Amino acid sequence: MKRPPVPTEAAFTSRLRNERLSAGIGMWLGVSFGLCFLTGLVSHWYYLPDLPVLPPVRPVWGYQVTQGAHVLSGIAAIPLLLVKLWSVYPKLFGEIPFGKLRPLLVNLAEKASIAVLVAAAIFQLVTGLANSSGWYPWSFSFRSTHYAVAWIAIGALVVHIAVKLPIIRAAYSEPLPEPAPEPLAVPVADPLAEPLAEPLAGPAATDQPSGRGPSRRTLLRTALLASSVAVIAAAGNTVPFLRKVSVFAVRTGEGPQGVPINRSAKAAGVLTTAVDPAFELTLVNGDREVTITRADLEAMTQRVHQLPIACVEGWSAAASWTGVRFADLLDLVDAPENASLRVRSLQEKGAFGVTEIPASFARDPLTLLALKLNGDDLSIDHGFPCRLIAPNRPGVMQTKWVNRIEVLA
Amino acid sequence: MLIGTVGVAMGSFGALRFLQLGFGDILNAVLWLAGGVVVHDVIIAPLTLLVTLVAGRLVPAPARTRVAVALVVLATVTVTAIPVLGRWGARPDNPTLLDRNYFIGWLLFAAVVLLGTLLAGPLGRLRRSRQVRVSQSAG
Chain A
56 MKRPPVPTEA AFTSRLRNER LSAGIGMWLG VSFGLCFLTG LVSHWYYLPD LPVLPPVRPV
116 WGYQVTQGAH VLSGIAAIPL LLVKLWSVYP KLFGEIPFGK LRPLLVNLAE KASIAVLVAA
176 AIFQLVTGLA NSSGWYPWSF SFRSTHYAVA WIAIGALVVH IAVKLPIIRA AYSEPLPEPA
236 PEPLAVPVAD PLAEPLAEPL AGPAATDQPS GRGPSRRTLL RTALLASSVA VIAAAGNTVP
296 FLRKVSVFAV RTGEGPQGVP INRSAKAAGV LTTAVDPAFE LTLVNGDREV TITRADLEAM
356 TQRVHQLPIA CVEGWSAAAS WTGVRFADLL DLVDAPENAS LRVRSLQEKG AFGVTEIPAS
416 FARDPLTLLA LKLNGDDLSI DHGFPCRLIA PNRPGVMQTK WVNRIEVLA
Chain B
324 MLIGTVGVAM GSFGALRFLQ LGFGDILNAV LWLAGGVVVH DVIIAPLTLL VTLVAGRLVP
384 APARTRVAVA LVVLATVTVT AIPVLGRWGA RPDNPTLLDR NYFIGWLLFA AVVLLGTLLA
444 GPLGRLRRSR QVRVSQSAG
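Listed in order, the protein sequences are those of chains A and B. So that you can map any letter, position 297 of the first sequence is 352 in the working numbering, and since no number is skipped, the others follow by simple counting. So that you can map any letter, position 40 of the second sequence is 363 in the working numbering, and since no number is skipped, the others follow by simple counting.
To be clear, the hints were calculated from the coordinates, so they are not data collected in a lab. What you are looking at is a predicted structure, and each value in this text was computed from that prediction instead of being measured. There's no promise every hint is true.
Label-pair restraints from in silico Cβ distances [said to hold, decoys possible]:
| hint | chain 1 | residue 1 | chain 2 | residue 2 | range |
| --- | --- | --- | --- | --- | --- |
| 1 | B | S452 | A | Y102 | 32 to 40 angstroms |
| 2 | B | V365 | A | F153 | 21 to 29 angstroms |
| 3 | B | I405 | A | L93 | 24 to 32 angstroms |
| 4 | A | N162 | B | P385 | 36 to 44 angstroms |
With a straight-line Cα cutoff of 25 angstroms, these simulated SDA-like cross-link-like pairs (lysine to any residue) come out [claimed, not checked]:
| hint | chain 1 | residue 1 | chain 2 | residue 2 |
| --- | --- | --- | --- | --- |
| 5 | A | K219 | B | G359 |
| 6 | A | K219 | B | V331 |
| 7 | A | K299 | B | V360 |
| 8 | A | K146 | B | V360 |
| 9 | A | K166 | B | V365 |
| 10 | A | K321 | B | G359 |
| 11 | A | K299 | B | P418 |
| 12 | A | K166 | B | V360 |
| 13 | A | K427 | A | P295 |
| 14 | A | K299 | B | A433 |
| 15 | A | K155 | A | S168 |
| 16 | A | K219 | B | W411 |
| 17 | A | K146 | A | Y202 |
| 18 | A | K166 | B | L339 |
| 19 | A | K299 | B | T401 |
| 20 | A | K166 | B | V331 |
| 21 | A | K299 | B | L397 |
Just so it is clear, CB atoms sit at the ideal spot from N, CA and C, and this is done for glycine as well.
Only chain B is shown next, with the shape it has when bound in the complex:
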């Protein structure tokens, strides 16, 4: 109850600050606030369900864990790279900003994820068989 009250107080302070922003800013910010939820709930989430559904049919059962881990890492980290991949913040007068080849970077990142996914199967089997051997020799 106390925690809830503290939360309401903090949120109310924020709401008060928000309402002081001025009409134009409030309108535009509300658009962005609602937009984020809509983009997630209407596009990202259904797309995720579709991908998992398709992947679930295509990927054989033993590899599903590896593929799921790879897809989650690949997709969520790529989301964090959207602004640099799009380069929308680049300015011609400032070459020190966005000064990497982010597309090559993404390919490298995807290659590392792919490599990890391919290696995870054999490595996992090796580890399991070793554990079995250790437990046998201990027993």
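If we strip away everything but chain A, and leave its shape as in the complex, we get:
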């Protein structure tokens, strides 16, 4: 049986594929990956409590914006990456200069760097997209792996830009040749791939629509259009006025008391402990311990603050929280002004049952141990009997079902 022939780079003759298209899409891809990387670093910052510089407590909507931008810039990159990969796909079949050692090594090094870049880029977008919908079809730890591969992806991207800079410069500095005359006499198989047709004109001579398929500029605009549509279709997660049109948003924004939830009381294993009438909150500072009930909490000065709950998965919701100022609780055990705190939850299952909160957040006047949400007692899924809510902080660290607050030395 005859083996089907492996195509060569020259077999792909679409006049749309050229350096200018690759560079144009590459620029937008670079912008979205850059934004995604930086906002990802901001999010990772919150998980590093020992850094000398901590995330700021203002603006209150900071994390809502950066994490929304993180997920949406990743989604924006998906159509761009697919078109970009299409535009450079023939390079996969480029000739390998066997025989001469130096060109062979250079060629293999470039192929390896591209392989790393493509693998890391696809990996980041696939894992990030799946994670934003609560889907974990892998066994590795998401956060540390997504973080490590983010550095690999951005490093490989920077190397790629450095290597391709001469080509990018050339692609933009050379004027596009005059459009070729209409190739009426030659039958054309298809508008994009054309593996059968002869190359009709110079590869760049395609900026004018010729009536037989999209121009290269149209393809770039199409990629940007697809990218924008993908963002709008998902953005209702965090942009309220887009909720109606965001047909692919992971959440409608509905939920108990008008706010979605991430971990339910059932998932946390607190269905009985959270509603136990004997519930007590314990405050600990060294060997001093104070225990108070929910009724005691209700008897303290109540404050109402508008604070968004913004999740690492990219969704967010504005809400009105009523409760006790966190600093007032700390004063009950004379916690030092600069002490950070450990907040424990009744939660038995899943991560973040215990979180640390630095003094800047704990002492912020807006930070509450909330008892009510949007005017009513917290529902059990929102953290009844009491939960932490602080400005500009990832939702996963807004501990629910709080039963113990410890002052750290």
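With the hints as your guide, set chain B onto chain A.
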């Protein structure tokens, strides 16, 4: 050269973090890293070529640009919706997650793309004829 060095440094930091993940995590992550490339290069890319080849024969020349634009938007945006269409992340204890009918949403999205494709032809002709008229009256 400087940019390249910065890139290598950033990538090396990532590689170092990656190698600290532990054997099980590394093995599984490498599988996913390679899997993404294989799925694209062996399935998605050849499938795209096949679709463009077939579409190129079926679609008459004047409509090719519109159809190509529509197919690119439809296909790439649908890729971003795979996790919600599959609903693999849905949890019975959390009704606030994946709480839309994403299939209906996809049909609406496809209908909008189709409508846009159908309208793009007549609208384009109208615009061109207007431009001609304007240039004639100006001349």
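(Q) Can you confirm whether the C-alpha distance between A:K166 and B:V360 stays at or below 25 angstroms? (A) holds (13 angstroms)
Q | 25 angstroms Cα cutoff - pair A:K219, B:W411 | A | Answer violated: A:K219 to B:W411 is near 39 angstroms, above 25 angstroms.
**Q.** 25 angstroms Cα cutoff - pair A:K299, B:P418
**A.** holds (18 angstroms)
Q: Decide if the proposed pair is consistent with the structure: A:K299 and B:V360, CA atoms, cutoff 25 angstroms inclusive.
A: violated (35 angstroms)
(Q) With the threshold set at 25 angstroms, check whether the alpha-carbon distance from A:K166 to B:V365 stays at or below it. (A) holds (17 angstroms)
Q) That 21 to 29 angstroms hint for B:V365 and A:F153 (C-beta), does it hold up? A) holds (24 angstroms)
Q | Satisfaction of hint between B:L339 and A:K166, Cα-Cα up to 25 angstroms | A | holds (21 angstroms)
Q: With a cut-off of 25 angstroms on the C-alpha distance, tell me whether A:K155 and A:S168 pass.
A: Distance of about 20 angstroms is within 25 angstroms: holds.
Q.
Checking one constraint from the list: CA of A:K166 to CA of B:V331, max 25 angstroms. Satisfied?
A. This hinted pair holds, its Cα atoms lying about 15 angstroms apart.
Q | Hinted pair A:K146 and A:Y202, Cα distance within 25 angstroms | A | violated (29 angstroms)
Q. Quick one: are A:N162 and B:P385 within 36 to 44 angstroms, going by C-beta?
A. Since the Cβ atoms of A:N162 and B:P385 sit about 42 angstroms apart, the hinted range of 36 to 44 angstroms holds.
Q) Within 25 angstroms, alpha carbon to alpha carbon, are A:K299 and B:T401? A) holds (18 angstroms)
Consistency note: the structure conflicts with the earlier hints numbered 1, 7, 10, 16 and 17.
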